[in-house]
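Undergrad: Sequence order for the protein chains is A and B.
Under my numbering, read the first sequence as residues 2 to 326, first letter to last.
Under my numbering, read the second sequence as residues 106 to 440, first letter to last.
It is possible that part of the hints are untrue.
[Claimed, not checked] In silico DSS-like links for lysine-lysine, alpha-carbon gap of 25 Å or less:
id, chain 1, residue 1, chain 2, residue 2
1, A, K146, B, K436
2, B, K190, B, K158
3, A, K172, A, K146
4, B, K232, A, K63
5, A, K90, A, K172
Bear in mind the hints are in silico, worked out from the structure with no lab data behind them.
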Amino acid sequence: MALLRIRNLTVEFATASGRFRAVDSVDQDVDTGEILAIVGESGSGKSVSMLAVMGLLPWTAKVTADEITFDGHDLLRIDNRARRRIIGKDLAMIFQEPMSSLNPCFTVGWQIKEALRFHLGMDRRARHARAVELFEQVGIPDPEKRLSAFPHQLSGGMNQRVMIAMAIACKPKLLIADEPTTALDVTIQAQILDLLAFLRDESGMGLVLITHDMGVVAETAERVSVQYAGQKVEEQSVVDLFSTPHHPYTAALLDALPERATERLLPTIPGVVPGQFDRPAGCLFSPRCKFADARCKSTPPPVLGPDLGYARCFYPLNTDERIAS
Amino acid sequence: MLNYVLGRLLTFIPTFIGVTLISFGFIRALPGDPITVMAGERGVSAERYAELKVQYGFDQPIYVQFWDYLTGVLHGDLGTSFVTKRPVFDEFFALFPATLELSICAMIFALLLGLPAGVIAAVNRGKFFDRALMSTALVGYSMPIFWWALLLIIVFSGNLGWTPVSGRIDLLYYFPDATGFMLIDSLASGQSGAFKSAVLHLILPTVVLGTIPLAVIARQTRSAMLEVLGEDYIRTARSKGMSPGRINGIHALRNAMIPVITVIGLSVGTLLAGAILTETIFSWPGIGKWMVDSIFRRDYPVVQGGLLLIAVMVMIVNLTVDMLYGVINPKIRKR
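Kindly produce the complete structure, drawing on both the sequences and the hints.
TA: Structure (structure tokens):
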């Protein structure tokens, strides 16, 4: 039984010009102790699907799914009060912008101790001791002093460490990291990723890493789920994905990596992710796919089996078999 | 911090000169003069008039009169009332507690209702409560204060007989005004019923004076809250599993307080202006009523000195408010 199990998750936003489908029938499993990366371009619904799990979407969002279970809790039918006892405790999340994700009016110590007080009912002394311990764990020097600092007095990297300390404060079973390194500079990025992997090794928690950076995926993840325009288009272990991508989108993403470039000009994927008004009738990637034919443009492709990385494609790559047409 | 306060105090100087000049010019621009007013209907003979003119210094050129006044002010002498012959300074501080008491009560009333109303409206944006509250606030803001006062008097004092019409306390009670604050003095006097009477007298003036600040604070709190509720750190608080009450009331409100504090500071000026009308309507013996009476009496020193002292009060309050920003938001804390 997976720690987090999502079946057929769809999220639609009510906008002024009608409904917009941000997440489209996504299935996802995360096991205890594993690192799953969700990759995709901006607007591919990576964050939205995880925010749906957390129950943090705005009221304009409509979430439907066959199943969302976490650690035996049915998150689809849970009431808000019960959900609040789970999120922040067993299910935690960190966000992209550490600077704006911390409240400027309160010390970072106050913000960490808050969760300890409400979820674990620790007294003042125990909260302080635990906060110091957490700061040490995430590598913040001089924790006693830093606890009384305000977010604006710390650097972006330090703030992200604070966010991580806050998220792991109650020893969560699953940590969702939503582009945790995007706002940080490259040297700090590596430190934060190492820290996340280290914490996973130490505590055995599951880790979902949302990113658009294939480099981050290769470095940190064990299993990769590729999303495109709200759909999961492929899912494989990180080694297999990098060696034998089956979906043309995955292959195109990998080709665009500078390390893999063979020519002077880096290959790109022409066009952009379809928006609310230009969603194709068939395969959502077909307008940008160099292998697409008439069938791709008119009929939505099926989801293939596990040996083909659950690719949503009529013509998966790196295989001799063609599915019967 | 000390440098900052000193710097701010320096900026008081131009304001100070401006207020002196305007109050000096304004009262003299009114037709009539104190001598004619004091003489009343009986009038005064031409010789006596000329004599008094010399006595009050009105025979001097206007710039000499201003210079005399200004040097007096700089020596801490605001002059003596033509009517009561008492120093303006003493009169002001004898009456100021009454105005202060009323203003504080009005501000507390405005805050106690305005902040929660703004927060609730923001959290329920677009729903019935929000719309109802914000239209009510608009009505409250646009309503002429004297008309609102009369309406309340007619209903609550006239028809229902719940509250007294005017004054600070029933004539039944007498005790020395140790602090000048009726609520404290009546309580300290130990006379049964005195405190209740003082409270009853305060209710209507408080509501009348507090209505505009209440409307402004409610609307400002709502818009500040709406902005803050969209911030990333609110999402973080929700991701920690905090209750909506805690998120709205602590995480968001603390941030939303900054623009609200500004409005509160600006309201103090409005409050003192409103006090003039409110005190006149309710015969509240504070500086507002004192100023109005003095204008009718052409009591030059009182009007000039009173305006100056009020201006100084407003400046001090605004300086305090500016320093409060730092207390609420550490990001703008002065080093």
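Undergrad: Checking against the hints above, which ones are violated?
TA: Violated hints: none at all, because every hint is consistent with the structure.
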